[in-house]
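> Sequence:
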Amino acid sequence: MEEEEVDLVGFPKPGGHTAKFTFPLCKPASAPSEVQLQQSPNEARWPLPALVRNGSLYLCLVLPSIEPELRQVNVVLAGVAPLAPDHVDPVTGSRAETVIDAAPGLGTAVVDGTSSADHYVLNGMAVADHGCLSPDRLQDLRATGARLADGLGAPQDVEWAYDGDGTLWLLQSRPITTLFPAPPPSGQADTRLYVEFGHVQGMLQPATPMGMSTLKSMVAGMLASFGLTVEVVDIGGRLYGDLTDAMRDPSTRQRLVKLMAVDFGPRAQQVVEYLLDDPRFAPRKSARKRSAAALKTGPKAVAGILGALARPAKARATVFDEIERLRREPVTDPATAAELLTLVGDESSTRTDAIIWPVVSGLVVSAALPPLLKGVAGDDEIRTVLGGMPYNVTIEMDLALWEVARRAQAYRDQLLTTPPQELATAYLAGELPDFGLDGFLARYGNRSAAEVDVGVPRWSEDPTPVFTMLANCLQVTDPEQAPHVRFQRAVARAEAMLTELDLRARRAHRLRGRVAGFFLRRSRELTGLREAGKFAGLYALRDRRRRLLLIGAELQAQGLLLQADDVMFLTPPEMRTAVEGGADRHTLLETIAARRATYDRELRRRTVPVALLSDGTDVETQLPPRTADDRTLTGMGAAPGKVTGRARVVRNPVHAALEPGEILVAPTTDPGWTPLFLTAGGLVTETGAVMAHGPTVAREYGIPAVICVPGATEHIHTGQVITVDGAAGTVTVEEARDQRSEPDSPWSKAG
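Per the working numbering: the sequence shown ends with 759, consecutive numbering throughout.
The hints are simulated quantities; they were obtained by calculation from the structure and are not laboratory data.
All figures in this text were calculated on a predicted structure; none of them were measured in a lab.
Check the hints yourself; a few may be wrong.
Said to hold, decoys possible - Computed list of lysine-lysine pairs in DSSO-like fashion (alpha-carbon distance at most 30 Å, straight line):
hint : residue 1 : residue 2
1    : K266      : K224
2    : K224      : K542
3    : K650      : K382
4    : K322      : K304
5    : K542      : K308
6    : K304      : K382
7    : K650      : K322
8    : K304      : K266
9    : K293      : K304
10   : K308      : K293
When you get a sec, could you build the whole thing from the sequences and use the hints?
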């Protein structure tokens, strides 16, 4: 008897699903016909492990009624196929195609890549008649694999073989664990385009079911206020918008490219530009009419934007007065869950004209600068003007945290040597001295990473991330690298560049130069407000979360939930049914457990498609490949400057220790990440837009940033020396990964 490692279904981890089986290697056996794939896969315990010994292939038969044993199979051809109940292409994500690789012989050359295989793409149309597989066998493989995947409940990566008698054998089957979920059925026959909205907010992790419901309502309400109707859908726990109609509308399709560049970033822009030439998205006569909301919004927008441009100080005062009103708004919570339902039923956005039009005016001003300064200033010079920006609530929060760190110097050793989670527990128990954290959390405790998800704990509930960031701040010992000093340097550079560009513009074009100068000055007075709208909306999310947890606590007391925050894994209708007494406890707990498992699995997903077609195709896989050498990664410059330093790869900010001067490499960043910038020497992200949170804050501190670098967290490793060029939009790896490189920070659950 020998032990042999085999792959087993049920151990879904990328890179191998191994378990130990013990069975005789050479014992002859007469195999029951049930194990052949002509029969239902449910009659055997799947998969059936295969072994190669001395140039022959053996199949381990595992049936409920017999001990494991081997049968020699006379293989004439074999291969690999990712198979699903319908179709699946594991590279593009398309559910309209199936790919099969095959080669004569044992098939080991296909698996280990040592020889070229015959490659087939099946899409329900004509079947190829070349290579070692006949059309009949291709269809046989497709149908058999579909049956197998359907029986196992998930798409499978299948290794198979045909013997000399034409019998098809399953050798191994693994679940395809990295396939991104396909969009839900749209109810329309044509191809649809879905663009991921989380990139705008710097959020790639999935939303909880309750958070998704709230987000969908908020986004739909916000778009409706502009007279826009976009279907918002949940795909893999992420928020996607159906932009098909806008792509086909002759009046909006070209403007959509510019919108993507400003708000969604270059990745989304490239996708839209690529699809403009796709016949499936050719212009069509639009049947849409301007809504009443759009007709109302137009005059209000013009008045609000012009008013802010004319009197920026008054506009700012109005914005901050409104934020303070929302912060101090008295809140009274009803006593019962049934009464609370009425309050949590309103998921609409709390944005008001007092906030939104000054914010939009800042975005308009910054977007107008490149065309006004064309031929006069480079993009990096314009971004310098947009650095060190005053009136940014996120920067004010970061500097407030720095002030807390300064006051905490007397407790430096304790804060640096005690694990952040222990410090958080002690703080919540009232066991830590007062060094200003109470005041910080009173104002900013409703923030967190992924804060737009109402299901995510806030800093006031779990201040572990705050203690992590305080420890980072306490490691800054060089006065010149203090965040407030760096910010003031960025302010000085911005003001000097503004003066220079104003002078250049007036010399180049007298009238346009005066307009450019006006917009340059207004950019310093209004663009910093871009964070104010979201910041104001967090107060409503804070109140909604508190009320949802009160409902959850009552349901827990009734035995319907195991813990109060289980309510975040229900939908609003399910929650209402539970409160009204119509829910089955067993079904409810099963539903929550399944959704938590899905949520935890999606938290570990490293990449999220920026755009999907309705058949599941990741559009970026269709784009022409970028050209780059082995050491240089290309993205988009978002904050000017050049810096060389050691990389720190972080996938979650909760436990991220970032030493002064290290370059932060992350999938994305939202405001909950920005305190890490207090010590960072540079920023590299895989997603984003020039005006998104991360690049904006990077510019405020004057640290170089490159965004939209594909696979940055995979290509770069913690400890490697890299150079970030924010003007060129490149990241150069100066040294290969070696034994000194530290492990990258793991992706753990946020909060």
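> All the hints need checking, so say for each whether the structure fits it.
Hints, verified against the model:
1. K266 with K224: Holds. K266 to K224 sits at ~24 Å (cutoff 30 Å).
2. K224 with K542: With a Cα-Cα distance of about 15 Å, the restraint between K224 and K542 holds, given a limit of 30 Å.
3. K650 with K382: Within the cut-off at roughly 23 Å; holds.
4. K322 with K304: Since the Cα atoms of K322 and K304 sit roughly 24 Å apart, the hinted pair holds (cutoff 30 Å).
5. K542 with K308: holds (20 Å)
6. K304 with K382: Violated, because 34 Å separates the two Cα atoms, which is more than 30 Å.
7. K650 with K322: This hinted pair is violated, its Cα atoms lying about 37 Å apart.
8. K304 with K266: Holds, because 24 Å separates the two Cα atoms, which is no more than 30 Å.
9. K293 with K304: Roughly 24 Å separates the two Cα atoms, so the pair holds.
10. K308 with K293: holds (29 Å)
Hint compliance for this structure: hints 6, 7 are broken, all remaining hints hold.
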